[in-house]
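Participant: Chains as they are written, first to last, in the numbering used here: chain A, 1 to 137; chain B, 1 to 131.
In short, the hints are calculated from the structure, not lab data. Everything numeric in this text was worked out from a predicted model, so none of it was measured. We put the beta carbon where it would ideally sit given N, CA and C, even for glycine. Wrong hints could be hidden among the right ones.
[Stated by the list, open to error] Residues from chain B shown here face chain A by an in silico Cβ test under 8 Å; the list is partial: (1) Thr14; (2) Gln15; (3) Phe27; (4) Ser30; (5) Glu33; (6) Asn34; (7) Ile39; (8) Gln41; (9) Leu42; (10) Pro43; (11) Arg74; (12) Phe75; (13) Ile76.
[Unchecked claim] Cross-link-like lysine-lysine pairs, in silico, DSSO-like; alpha carbons within 30 Å at most: (14) Lys112/A to Lys46/A; (15) Lys46/A to Lys30/A; (16) Lys136/A to Lys82/B; (17) Lys112/A to Lys125/A; (18) Lys82/B to Lys112/A; (19) Lys87/A to Lys82/B; (20) Lys82/B to Lys30/A; (21) Lys46/A to Lys104/A; (22) Lys30/A to Lys10/B; (23) Lys46/A to Lys136/A; (24) Lys125/A to Lys82/B; (25) Lys104/A to Lys87/A; (26) Lys46/A to Lys97/B; (27) Lys87/A to Lys46/A; (28) Lys136/A to Lys104/A; (29) Lys112/A to Lys30/A; (30) Lys10/B to Lys82/B.
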Amino acid sequence: MSALTGIEIGAELSTQTFQLDRVMLSNYAKASGDLNPIHLDEVFAKSVGLPNVIAHGMLTMALAGKALNTWCNQEFNVVEIFARFTKPVIVEADSTTALEVSGKIGEITEGKIRIDLTVISNEQKVLGMTRAFVVKA
Amino acid sequence: MVAPDLVGRKFLGTQTQRVNQQDLISFATSIGENPDTQISQLPTFPIRYTLNEAERIAPELGLDWSRVVHGDQRFIHYRFLKVDEEVRADSEIESVKSMAGNDILTLRSDLFVGEELVTSTWSTLVFRGQQ
Numbered sequence: 001m002s003a004l005t006g007i008e009i010g011a012e013l014s015t016q017t018f019q020l021d022r023v024m025l026s027n028y029a030k031a032s033g034d035l036n037p038i039h040l041d042e043v044f045a046k047s048v049g050l051p052n053v054i055a056h057g058m059l060t061m062a063l064a065g066k067a068l069n070t071w072c073n074q075e076f077n078v079v080e081i082f083a084r085f086t087k088p089v090i091v092e093a094d095s096t097t098a099l100e101v102s103g104k105i106g107e108i109t110e111g112k113i114r115i116d117l118t119v120i121s122n123e124q125k126v127l128g129m130t131r132a133f134v135v136k137a
Numbered sequence: 001m002v003a004p005d006l007v008g009r010k011f012l013g014t015q016t017q018r019v020n021q022q023d024l025i026s027f028a029t030s031i032g033e034n035p036d037t038q039i040s041q042l043p044t045f046p047i048r049y050t051l052n053e054a055e056r057i058a059p060e061l062g063l064d065w066s067r068v069v070h071g072d073q074r075f076i077h078y079r080f081l082k083v084d085e086e087v088r089a090d091s092e093i094e095s096v097k098s099m100a101g102n103d104i105l106t107l108r109s110d111l112f113v114g115e116e117l118v119t120s121t122w123s124t125l126v127f128r129g130q131q
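Please model the entire structure based on the sequences and the hints provided.
Facilitator: Here's what the structure looks like:
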């Protein structure tokens with residue numbers, strides 16, 4: 001059953017943790033068509049002043065979408081999603097970076113549920129104002 | 001610097017892109033989802049059809065795509081795309097700002113299948129000025 005069935009305003013959804021690594025960044029780059037080298041090439045990323053390779057903001061947002069998909073459990077669909085890219089997610093070579101996605105019910109209007117998401121990596125919010133609207137599938 | 005009179009300028013998609021099964025599988029599996037995940041379960045998947053439009057438009061505005069940083073992103077799905085549909089992106093510049101030497105552009109891209117509007121997307125793109 002979907003975690004959203006019969007849910008009320010203010011309810012919290014179980015936190016989901018995802019692991020990002022360079023392989024995921026490379027696969028996401030090919031899948032999305034965003035081949036910007038700041039997501040793929042450490043030497044390039046450092047040459048433009050970044051501490052290391054950073055994940056695509058859109059990859060972080062896609063993982064927020066994955067958390068929504070789990071909560072929806074095919075009984076609800078995401079009809080709207082917004083995110084602001086506030087902090088980069090740094091992904092070092094040969095290691096993983098954890099991303100935690102949690103959600104809270106912000107509003108329920110005529111069957112449309114607003115979920116406010118908190119997306120954290122390295123104890124910092126990496127997405128801001130992240131919210132989604134879901135409806136029964 | 002980008003001229004503010006670009007607001008309202010439209011870029012009609014010149015060609016359609018086919019939503020193919022392999023692209024869907026690649027997108028789903030890249031984020032650890034099952035290969036049989038449906039488009040309705042991947043709310044950000046249509047970025048595949050809008051970001052390349054933004055990349056095509058940028059040079060026409062005198063903007064350097066290699067200096068772009070994504071500011072924010074919104075998707076509204078009126079329905080979900082289906083595999084094998086031919087999708088066209090029509091885009092419009094909704095706002096232009098210059099702040100601290102950066103050009104900040106909000107681009108709306110509407111994805112159409114035929115005459116039917118399926119998904120609207122808004123991308124705020126920050127073009128960093130030369131340091």
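Participant: Does each hint hold? Answer for all of them.
Facilitator: Cross-check of the supplied hints:
Look at Thr14/B: its Cβ only gets to about 17 Å from chain A, farther than 8 Å, so that hint breaks. Interface hint status for Gln15/B: violated, as the beta-carbon distance to the closest one in chain A is roughly 15 Å, over 8 Å. Taken as an interface hint, Phe27/B checks out: its beta carbon lies about 4 Å from the nearest beta carbon of chain A, inside 8 Å. Hint status for Ser30/B: holds, given a least beta-carbon distance of 4 Å to chain A, under 8 Å.
Satisfaction of the interface hint for Glu33/B is found here, the shortest Cβ-Cβ separation to chain A being roughly 6 Å, below the 8 Å cut-off. At its closest, the beta carbon of Asn34/B sits 10 Å from a beta carbon of chain A; the interface hint therefore is violated under the 8 Å criterion. For Ile39/B, the shortest C-beta to C-beta distance to chain A is roughly 10 Å, which exceeds 8 Å, and the interface hint is violated. Taken as an interface hint, Gln41/B checks out: its beta carbon lies about 5 Å from the nearest beta carbon of chain A, inside 8 Å.
Using the Cβ-Cβ criterion of 8 Å, the hint placing Leu42/B at the interface with chain A is satisfied: the shortest such distance is roughly 6 Å. Of the supplied interface hints, the one on Pro43/B holds, with its beta-carbon coming within about 4 Å of a beta-carbon of chain A, less than 8 Å. Interface hint at Arg74/B: satisfied, since its Cβ lies 4 Å from the closest Cβ of chain A, which is below the 8 Å cut-off. A cut of 8 Å between beta carbons decides the hint on Phe75/B: the least distance to chain A is about 5 Å, and the hint holds.
Taken as an interface hint, Ile76/B checks out: its beta carbon lies about 5 Å from the nearest beta carbon of chain A, inside 8 Å. Restraint check for Lys112/A and Lys46/A: the C-alpha separation of about 44 Å exceeds 30 Å, so the hint is violated. For the proposed pair Lys46/A and Lys30/A, the alpha carbon gap of about 22 Å is at most 30 Å, so the pair holds. Between Lys136/A and Lys82/B the alpha-carbon distance is near 19 Å, which keeps this suggested pair within the 30 Å criterion.
The straight-line distance between the Cα atoms of Lys112/A and Lys125/A is roughly 26 Å, inside the 30 Å bound, and the hint therefore holds. For the suggested pair Lys82/B and Lys112/A, the alpha carbons sit about 23 Å apart, so the restraint of at most 30 Å is met. At roughly 33 Å between alpha-carbon atoms, Lys87/A and Lys82/B are farther apart than 30 Å, so this suggested pair is violated. For the suggested pair Lys82/B and Lys30/A, the alpha carbons sit about 20 Å apart, so the restraint of at most 30 Å is met.
Restraint check: the Cα-Cα separation between Lys46/A and Lys104/A comes to about 36 Å, which exceeds 30 Å; the hinted pair is violated. Only pairs whose Cα atoms come within 30 Å are accepted, and Lys30/A paired with Lys10/B is accepted, the gap being roughly 28 Å. Straight-line distance between C-alpha atoms of Lys46/A and Lys136/A comes to about 45 Å, which puts the hinted pair past the 30 Å bound. For a cut-off of 30 Å, the pair hint linking Lys125/A to Lys82/B is broken: about 34 Å separates their Cα positions.
Annotation: proposed proximity of Lys104/A to Lys87/A holds, straight-line Cα distance about 21 Å (limit 30 Å). Using a Cα cut-off of 30 Å, the hinted pair Lys46/A and Lys97/B holds, with the two alpha carbons roughly 28 Å apart. Distance hint between Lys87/A and Lys46/A is fulfilled; the C-alpha atoms sit about 16 Å from each other, no more than 30 Å. Among the hinted pairs, Lys136/A with Lys104/A is consistent with the structure: their alpha-carbon atoms are about 17 Å apart, no more than 30 Å.
Pair hint Lys112/A plus Lys30/A does not hold up; C-alpha atoms about 34 Å apart against a cutoff of 30 Å. At most 30 Å may separate the alpha-carbon atoms for a hinted pair to count; Lys10/B and Lys82/B meet this at roughly 26 Å.
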